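**Q** Sequence:
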Amino acid sequence: MGWWLSWVVLTVAVIRDIGVRGGDVTYDGRSLIIDGQRKILFSGSIHYPRSTPEMWPSLVAKAREGGVDVIQTYVFWNLHEPKPGEYDFSGRNDLVRFIKEIQAQGLYVCLRIGPFIESEWTYGGFPFWLHDVPDIVYRSDNEPFKFYMQNFTTKIVNMMKSEGLYASQGGPIILSQIENEYQNVEAAFRDKGPPYVIWAAKMAVELQTGVPWVMCKQTDAPDPVINTCNGMRCGETFGGPNSPTKPSLWTENWTSFYQVYGGEPYIRSAEDIAFHVTLFIAKKGSYINYYMFHGGTNFGRTASAYVITSYYDQAPLDEYGLIRQPKWGHLKELHAAIKSCSTTILEGAQSNFSLGQLQQAYIFEEEGAGCAAFLVNNDQKNNATVEFRNITFELLPKSISILPDCENIVFNTAKVNAKGNEITRTSSQLFDDADRWEAYTDVIPNFADTNLKSDTLLEHMNTTKDKSDYLWYTFSFQPNSSCTEPVLHVESLAHVASAFVNNKYAGSAHGSKAAKGPFTMEAPIVLNDQMNNISILSTMVGLQDSGAFLERRYAGLTRVEIRCAQQEIYNFTNNYEWGYQAGLSGESLSIYMREHLGNIEWSGVVSATDQPLSWFKIEFDAPTGNDPVVLNLSTMGKGEAWVNGQSIGRYWLSFLTSKGQPSQRLYHIPRAFLNSSGNLLVLLEESGGDPLHISLDTVSRTGLQEHASRYHPPQ
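Take the sequence shown: its letters are residues -22 to -1, 1 to 693, numbered as in mature numbering (1 follows the signal peptide of the UniProt record, and there is no 0).
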């Protein structure tokens, strides 16, 4: 079976080398139809801002080599329109460049405009300025929201048209998406939900892209928009298209799952992915997208609430763009096996029947022509011996065998031929020389230092406008002499709270992704008999990315009290004057940028420090070679890291999993961020960490070889 399967792979590669010419894209009840030909399409999600333009060619090439036909991506509204009417399509935001790279390599594009995207992306991709639009209600039959949504959607569509990127113009874009999993929240909007769905579909279709539109997880998607499935088992869970004239499409097949601080990685096996892909095809599915094929990195402050900086590292291409085996290789074989009989699958008549209590056969037959079969064993533990067309077959547990000629098994979802590989980390340099480091302790503002005052607790996000993770809440207080053993009691709907009394650290607490309601901090404090300055730093670790009424979400402190041993309670929650400062002084001075280092006075670092709110800087040379570069921050606590002024993301090593380990230790520094020498690393450490024992490493993967018996070219 090896030579002809290889011939299929080789033929597809030769065709792709010609490049995508685009053409007419329509559909029927069986599949998308491109230039008059039905297609079974395998797609892979790669998000352009989660990598760098220098990485895009390699990522697309590896997806292509793995048998992927389509690259699917969201469009990130908050990146592209940071202020109303002001647009940014530069650098990692260069959507047109990304699509043209895909086109150059002969692949198609599915463009998920949204513009609500969720995607574990802060605020679901919405720019925060939407929050301040009067009377706005997101994702509903609300005129202010619809105005801005239509404006941005039209902007993107017109940009694609101007570059000739829709298939109807000869470009690679064959599908577009409007909205995103809206049915999950539609009921919350009551009578404002269904009209919004109808409006969104009509608005999109009237933009006349010349290619079909989809709505994922929207069973009532209005014609001609196609409703699609998201999930891990769409072959079992999808109710199917809402019209017999629409094809069965799977827009998100989760290859893993996003990870949060305090959470363990979700490992989904190559066998499980292959099983459910094959089942979907056997049940007349024709488009499957792997979410993600490459997850990448949540640079800067782009991750949503509690989501770690590394995104879907367990995908077929890991965070750094390296091939993860056996997942990548197993799916490559699967794609080739299905493509070898795709004409029969698409044109043949389907039938199915039982082969046993937990066994099933799906057959596609063209009259007088080809025959293809899928033999399913749903028994989780045991092999199954079945009789099919007078031939006996042994089926592995929980597997599907593919027979392109109804006689010979060429692929079984549970039989993995690709050899596994593991990440190998090589230390490039240690940062253990204290003489090379310099530090700066951020300023703790007191009530008198603040310009913004209020007699109540202000909401965090509306005060910072998402320009910073941080908001200082400050007040002054003189206790009665009878208050002994005082405890500062704080309740918060933000993510972290850290308290300082008279400029000295008093304690901190944090919430978690799973926790509902406010978290509580109880910090024993020392008060003097005079006026005391209480400063509480409220921290967000990303904004919420999902749910109804995002514009109404509340974050920040909800209750502040000082409780004395004598049961005396001082309540500062309401009717007490507070002072506020958005952001840290180091942020406002941009001291992570080389040109602004002189804005403050740096001092030496003698040893590891428990001093919170410390900035550290050091210079380093880039490792030689081309292997991906990572920063090992194992000895740090919580904060953010910049290299040459570019943020490589938040870190939170002190938030441990149930197994007592950090959720992420290694932080990707793209080679494009680096110079050969004289690179500036700046760390903002919130809670106290040890920069003298971090290191700069390179990573690679070993064991990439597949079995030699696979994919021999035909003689």
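Calculated directly from the structure, the hints in this document are not laboratory data. A hint or two may mislead.
Said to hold, decoys possible - Across the chosen pairs, the derived CB separations fall in these ranges:
1) 65 with 426: 39 to 45 angstroms
2) 487 with 166: 47 to 53 angstroms
3) 637 with 110: 24 to 30 angstroms
4) 577 with 555: 46 to 52 angstroms
5) 504 with 552: 34 to 40 angstroms
What the hints assert, rightly or not - Using 25 angstroms as the maximum straight-line C-alpha spacing, the simulated DSS-like pairs for lysine-lysine come out as follows:
6) 40 with 359
7) 139 with 170
8) 40 with 124
9) 393 with 359
10) 397 with 376
11) 180 with 195
12) 431 with 376
13) 359 with 376
14) 393 with 376
15) 431 with 494
16) 78 with 124
17) 445 with 376
18) 443 with 376
19) 40 with 78
20) 261 with 376
21) 445 with 491
22) 491 with 431
23) 359 with 261
24) 393 with 262
What you are looking at is a predicted structure, and each value in this text was computed from that prediction instead of being measured. Just so it is clear, CB atoms sit at the ideal spot from N, CA and C, and this is done for glycine as well.
**Q** Run every hint past the structure and note whether it holds.
**A** Hints, one by one, checked against the model:
1. Judged by the Cβ atoms, the range 39 to 45 angstroms given for residue 65 and residue 426 holds: they are separated by roughly 41 angstroms.
2. Between residue 487 and residue 166 the beta carbon distance is about 31 angstroms. The supplied range of 47 to 53 angstroms is therefore violated.
3. Roughly 43 angstroms separates the CB atoms of residue 637 and residue 110, a value that falls outside the hinted 24 to 30 angstroms.
4. Under the hint 46 to 52 angstroms, the C-beta atoms of residue 577 and residue 555, about 31 angstroms apart, miss the expected range.
5. For the pair residue 504 and residue 552, the beta carbons lie near 26 angstroms from each other, so the given range of 34 to 40 angstroms is not met.
6. For the hint linking residue 40 to residue 359, the alpha-carbon distance of about 34 angstroms lies beyond 25 angstroms, and the restraint is violated.
7. Between the alpha carbons of residue 139 and residue 170 the distance comes to roughly 32 angstroms, so the proposed pair goes past 25 angstroms and is violated.
8. For the suggested pair residue 40 and residue 124, the alpha carbons sit about 39 angstroms apart, so the restraint of at most 25 angstroms is broken.
9. With a CA separation close to 14 angstroms, the supplied pair residue 393 and residue 359 stays within the 25 angstroms bound.
10. A hinted pair counts as satisfied when its Cα atoms are at most 25 angstroms apart, and residue 397 with residue 376 qualifies at roughly 20 angstroms.
11. For the suggested pair residue 180 and residue 195, the alpha carbons sit about 18 angstroms apart, so the restraint of at most 25 angstroms is met.
12. About 63 angstroms separates the Cα atoms of residue 431 and residue 376, which puts this hinted pair outside 25 angstroms; it is violated.
13. This hinted pair checks out: residue 359 and residue 376 have alpha carbons roughly 7 angstroms apart, not beyond 25 angstroms.
14. In summary, the hint linking residue 393 to residue 376 is supported, as the alpha carbons are separated by about 11 angstroms, within the 25 angstroms threshold.
15. Of the supplied pair hints, the one linking residue 431 and residue 494 is violated, its CA atoms being roughly 30 angstroms apart against a limit of 25 angstroms.
16. A C-alpha spacing of about 30 angstroms is found between residue 78 and residue 124, which places the hinted pair above 25 angstroms, so the restraint is violated.
17. Annotation: proposed proximity of residue 445 to residue 376 is violated, straight-line Cα distance about 50 angstroms (limit 25 angstroms).
18. Among the hinted pairs, residue 443 with residue 376 is inconsistent with the structure: their alpha-carbon atoms are about 50 angstroms apart, more than 25 angstroms.
19. At roughly 16 angstroms between alpha-carbon atoms, residue 40 and residue 78 fall within 25 angstroms of each other, so this suggested pair holds.
20. Pair hint residue 261 plus residue 376 holds up; C-alpha atoms about 17 angstroms apart against a cutoff of 25 angstroms.
21. The suggested pairing of residue 445 with residue 491 holds, with an alpha-carbon distance near 22 angstroms, which does not exceed 25 angstroms.
22. Proposed proximity of residue 491 and residue 431 is contradicted: the alpha carbons are some 31 angstroms apart, above 25 angstroms.
23. A hinted pair counts as satisfied when its Cα atoms are at most 25 angstroms apart, and residue 359 with residue 261 qualifies at roughly 23 angstroms.
24. For the proposed pair residue 393 and residue 262, the alpha carbon gap of about 23 angstroms is at most 25 angstroms, so the pair holds.
Checked against the numbered hints listed earlier, the structure breaks hints 2, 3, 4, 5, 6, 7, 8, 12, 15, 16, 17, 18 and 22; every other hint is satisfied.
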